Amino acid sequence: MFPLPACNEGRIPHDETNGGNNLTMKREITVTVNGQQHHSNVEPRMLLVHYLRDELDLTGTHIGCDTSQCGACTVLLNGDSVKACTVLAVQADGCEVTTIEGLAPEEGSLHPIQTAFWEKHGLQCGFCTPGMIMASYQLLKNNPNPTEAEIRKGLEGNICRCTGYQNIVRAVQYSAEQMRTGAEAPVGAGE
Amino acid sequence: MGIAGAIGTPIKRREDPRLITGQATYVDDIKIPGMLYMAVLRSPYGHARINSINTEAARNHPGVKAVYTAADLKGAVGNVAIAVPLGEIANGMGVHGPLAEGKVRFYGDPVAVVIAEDRYVARDARDLIEVDYEPLPAIVDVEKAMQPGAPLLYEEFGTNVAFSLTPPTDDIDKVFEQTKADGGIVVKQRMVNQRLAPNSIETRGVVAEYRKANKSLTVWSSSQIPHLLRNILAALVGLPQHQVRVIVPEVGGGFGSKLNIYPEEMVAAFATMKLGHAVKWIEDRSENLAVTIHGRDQVDYVEVAATKEGKITGLKVHGISDLGSYCQLFTDVIMIAFGFPVSCGAYDIPAIYLSADIVFTNKAPTDAYRGAGRPEATYIAERAIDLVARELGKDPAEVRRLNFIQPDQFPYKSAAGAVYDTGNYEPALDKALAMADYQNLRSEQARLRSNGNGKLVGVGLSSYIEICGFGPKGTAPVGLYESARMRVEQSGTVMVYTGSSPHGQGEETTFTQIVAEEFSIPADQVMIMHGDTDSTPEGRGTYGSRTTAVGGSAVFTAAQRLKEKMKHIASHMLEASASDVTLEDGKFSVAGSPQKAVTFAEVAATANLSNTLHASIEPGLETTVFWEPEACTFPFGTHVCVVEIDKETGNAEIKRYVAVDDCGRQINPMIVEGQVHGGIAQGVGQAMVEGVIYGEDGQLLTSTLMDYAMPFASELPNFELDSTVTLTTVNPLGVKGVGEAGTIGSTPAVANAIADALGVAHVDMPFTSEKLWKLIHQS
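So the protein sequences, as listed, match chains A and B. Offset between the first sequence (1-based) and this note's numbering: plus 24. Offset between the second sequence (1-based) and this note's numbering: plus 1133.
Everything labelled a hint here was simulated from the structure, so no lab data went into it. Hints may be right or wrong, so weigh each one.
The calculated label-pair distances, taken between Cβ atoms and stated as ranges, are [said to hold, decoys possible]:
no.	chain 1	residue 1	chain 2	residue 2	range
1	B	M1628	A	S64	52 to 60 Å
2	A	E130	B	M1628	30 to 38 Å
3	A	E130	B	G1753	37 to 45 Å
4	A	G132	B	E1250	54 to 62 Å
5	B	G1753	A	T54	52 to 60 Å
6	B	A1137	A	T54	45 to 53 Å
7	B	R1192	A	T54	34 to 42 Å
8	B	A1190	A	T54	21 to 29 Å
9	B	N1851	A	N169	30 to 38 Å
Calculated from the model, a selection of chain B residues having no Cβ within reach of chain A, i.e. all distances over 10 Å [said to hold, decoys possible]:
no.	residue
10	T1154
11	Y1253
12	E1335
Pairs of lysine to any residue residues, derived as SDA-like cross-links and limited to a Cα-Cα distance of at most 25 Å, are as follows [unchecked claim]:
no.	chain 1	residue 1	chain 2	residue 2
13	A	K177	A	E130
14	B	K1588	B	Q1578
15	A	K165	B	E1848
16	A	K177	B	S1847
Bear in mind that the values here come from a model prediction, so they are computed numbers and not experimental data. Quick reminder that beta carbons are idealized off the backbone N, C-alpha and C, glycines included.
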């Protein structure tokens, strides 16, 4: 489904108490989010998306479907996009996470993909947008010069109900152009 | 004009910076110290009696603050609001409290809530509630629900039919007989407009906070109707209106589904008033698919009569509207109030007959979903035109042209009763046909057919109209005005507090452009504030493509009023007559001598500082306008869809999609285009893939996005768009509205293309590969 992180062996720590099923016994994790290290105690069942939103107050990552279809919760885990509603916070222990808040190269600036979504009217209600931008980042990382069909195929994991996708496609095309001409190198964790 | 952001320029949206950086605040982003979380226990049955509910284990679970059932709410919270109760609904049929009492009537019906310290704990405890259900036979087929012996949702009424409309048929019968006698045709077709889930990507959500000290309730809700929510919720929980404040933060889409006062909002308000802590409830997607209102779900029996030349002489429609289990705000009137008036479409149809049954079934309530009634009515009209063309062997484009209402007939009163403001349908049709290269498409289609290469090509048209900008006065239980409070501050900044409340439409940008144009000032000098009932004047909400037409007109009128006052002030500053003062490029000057001028900011400062203001003028620059439409607007257009069906797989692909829409004056063409794109995607979604499916036992089979299909980027074509501009005369801006046009126009265009490809009269939606493969291979 998603690339399991290589950090801290990428597995849920085993719990000997309560037959190994105690999902409310808190665990200590260390996660670097947008370049800042956090030490936290979380329940093993806590979803990464709830960790980011409720514990770290990074509410730019949204929850749209709970079952990994809509992609509103897409973040980068060690530089690769994952759907944070189907990753446990403990699985991110030792990892680097990039959210929409950390995509721009510096405070107050915009990443070329963000600029392109604005320029090309690639959003309406904005709820799918952070996930759509993070998924576009992954798409362009894998394929810096995608065709329209490749963009449409590449964004199948992200649902937008407002735009009909046409201007999202334009935005990805435009950001690809901008990034190719070297206006701004993309940033991401773990690279 | 040369003003950055003036009307007609495609400026970038002012809302976007916060949305693309993750800094926007949606309701689930709100945190209040001591806030509690609510989880809702819902019925796993489509229809069952509740024998008992045991909440003890849940109450005793660590971290749980309260568990409530209907018994706890009795006398404290009113019933879910219904705007216009028809027939038996006025006698209590389909009326319901926020939590189920005695019976559950659909899968997802809320039975109990848990309030806990943490969202995970709330769910843990929810699983500890024991409900003793006695399952009952469910009824999910609306036509079977009307038959004698069908399981009854409301036994005391002895029927599932809430209301029937059955006018005498004498007149239409005569028309049909005469048409046949004159050598014309009558074509009959049953059509199903399937049930859809609106599926805004942000689900519903609410945070309610009651402060016992001053008895004030604040509710943050993902809603399209802040003021209606405030007014109705106040009444339902027994608080005076002034002690309730509703704040609608960023809203992640609505499409009509957030145009209701929902049980969870009512229970969260009750809970915070009891507990004294803020209570948050965020719907998950499975709840959203199960209990947030659904759209469409209508079965129509259509008969259309036409002369042998193709001129329609009469249309007869019997509509059956599937209400689902309960009546919500507009559930019962969607078909009759919003669909029936546009039944004649863009066509001069001399006689129409409309009858209806509105019926309860064991499914989620239906209500307004993008277009609300108009897509269904338009689907009937546009399919009927194609049925006539097919029967007579004529080109559907020409049958449309023959039947169009002509430009000199406006304002036009249709046989269905609606008065159309303005229209000019043929140029939109011609433009769309030219863009699609229609004649070539037809010859290419004929060539491919004779080749028999395994692909079936179909071309479908839709020349839709719709009705927008509700109002007018007297047509709803409350006046459907919009409002604007406008203040020009000392600095020259313009603050606009609008009663309209957007959920993705870009209203901050559009309204800014209206103000920037009128004051000839840069867009960044204008601030648009919305969504807070404490600071914005009363508004009726964003739905029915009415925000720019009605809310924009309020903003425009407010700007005009303040401009007049500013001219008056400037005339004293310039020692001239007010009637000689003009405002251009941000400066007031006397006509003919532009060198003698005062800037917009100087006049604003003079008015607000007051010391040098002429004694006869009241200080300050502020006004509030309520603008109520006198009539509705009727946008229109023609869409052309080209499909290709693979005979081997049944897979249908949209090869081209051309749309020419006329929404009157366009304030921001980029935003208009975006609305059309999204609208078409939703209409195409209905035609191609979408549908809420229930099992015979009332189980919801489409309860996650694994099972409920919405179009992906890869399934949609690049839409080819253009427009014509026919101004409306019913508002000062000339705008008609565009939010729903794409959805209304596109569904029949795709359906007509599919029927054309297959060479059949009609296929019911959605056009899945399996359905089309079976149709191809059974013949």
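Against the structure, the hints:
no., hint, in the structure
1, B/M1628 - A/S64: 52 to 60 Å, "violated (42 Å)"
2, A/E130 - B/M1628: 30 to 38 Å, "holds (32 Å)"
3, A/E130 - B/G1753: 37 to 45 Å, "holds (42 Å)"
4, A/G132 - B/E1250: 54 to 62 Å, "violated (37 Å)"
5, B/G1753 - A/T54: 52 to 60 Å, "holds (57 Å)"
6, B/A1137 - A/T54: 45 to 53 Å, "holds (49 Å)"
7, B/R1192 - A/T54: 34 to 42 Å, "holds (38 Å)"
8, B/A1190 - A/T54: 21 to 29 Å, "violated (37 Å)"
9, B/N1851 - A/N169: 30 to 38 Å, "violated (19 Å)"
10, T1154, "violated (7 Å)"
11, Y1253, "violated (7 Å)"
12, E1335, "violated (4 Å)"
13, A/K177 - A/E130, "violated (31 Å)"
14, B/K1588 - B/Q1578, "holds (10 Å)"
15, A/K165 - B/E1848, "holds (23 Å)"
16, A/K177 - B/S1847, "holds (5 Å)"
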